[in-house]
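Based on the hints, put chain W in the right spot on chain Y.
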Amino acid sequence: GESVGLHLPTLSVQEGDNSIINCAYSNSASDYFIWYKQESGKGPQFIIDIRSNMDKRQGQRVTVLLNKTVKHLSLQIAATQPGDSAVYFCAENMGSGGSYIPTFGRGTSLIVHP
Amino acid sequence: IAGITQAPTSQILAAGRRMTLRCTQDMRHNAMYWYRQDLGLGLRLIHYSNTAGTTGKGEVPDGYSVSRANTDDFPLTLASAVPSQTSVYFCASSEEEDQPQHFGDGTRLSIL
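Residue numbers (the working numbering), protein chains in the order written: chain Y, 20 to 133; chain W, 12 to 123.
By construction, these hints were calculated from the structure, which means they are not laboratory data.
We treat Cβ as the ideally placed atom computed from N, Cα and C, and that holds for glycine.
Take these hints with a grain of salt, some might be off.
[As the list claims (entries may be wrong)] Example chain W residues on the side facing chain Y (calculated, C-beta under 8 Å, incomplete):
#1 GLY51
#2 LEU52
#3 LEU54
#4 LEU56
#5 PHE101
#6 GLU108
#7 ASP109
#8 PRO111
#9 PHE114
#10 GLY115
#11 ASP116
[Stated by the list, open to error] Reference excerpt, derived from the structure (chain Y facing chain W, CB under 8 Å, subset only):
#12 PHE65
#13 ASP68
#14 ARG125
The following block holds chain W by itself, in its conformation from the complex:
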């Protein structure tokens, strides 16, 4: 079934550790996105990529980095996790940047 796969589905992590959240799509979409979702704040854009080889900063990029080496994969890295990064992280993709987004089912990340 075509779609977006996120891994892991959940993770508990010690503060200060490095963590990479994985995101893979098989729809050959050009644009990909990372959001965090916190209660009462909705979805906030962390980073995005309009096409392979390019990335851009969203609303809350600090403490996160991304790469887009190919069309299918868009990993999100927390270099040194802090408790404020406890959240649900969603990856999304769209055929083009001005098209509807398809979302994965999220990664629930707890930083202790």
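Extracted from the complex, chain Y is given alone in its bound form:
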């Protein structure tokens, strides 16, 4: 079946650097994408989302890029801080029988070194 995947399971960066976390999706019917951050012992927390009619969306220190041609999604974090250390998940939503079914990737662990 089609699924969301991640290129890098672990990403290590220095504090202050920019981080880029990538995600590949294979279902062309997906039209809504979300990035979540999960800290140890907690539930995932919404970071930013993007719909398929856009190719870029910016938040506070974060930017999501969507390339529908190659079915690729990325999360850019500017000036990465130790508090950004967590596991990051991308999720795609696709309509199925009138419902939106979310599918999560396996996650990328971001480690920020002070």
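For chain W alone, kept in the frame of chain Y given last:
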């Protein structure tokens, strides 16, 4: 503080026992979800509900059942627990099904 409450936070259960994981939200969200999270597999959808009175099956529904009698509550029941159901279970809700989800802090369930 508005949000999602899951109970219990952790549980050790003998195989064959029945268990209900509770989930309550006070944000009046229409959609609710149950996931299990296993190491290396990420979050997998078990069941979902787009609105009170309706439910649907996710990716891994076998061995689990849900009900949505009202907007706020979405309990997940394991009728006869098996060791493969050892996992961390997360409940989530969203205002509508195509909106970001808010997650609880999970229930850590061990089946022996």
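Each hint tested on the structure:
no. : hint   : in the structure
1   : GLY51  : 7 Å, holds
2   : LEU52  : 6 Å, holds
3   : LEU54  : 4 Å, holds
4   : LEU56  : 6 Å, holds
5   : PHE101 : 5 Å, holds
6   : GLU108 : 4 Å, holds
7   : ASP109 : 5 Å, holds
8   : PRO111 : 4 Å, holds
9   : PHE114 : 3 Å, holds
10  : GLY115 : 5 Å, holds
11  : ASP116 : 5 Å, holds
12  : PHE65  : 4 Å, holds
13  : ASP68  : 6 Å, holds
14  : ARG125 : 4 Å, holds
Every hint, counting from the list given before, is met by this structure.
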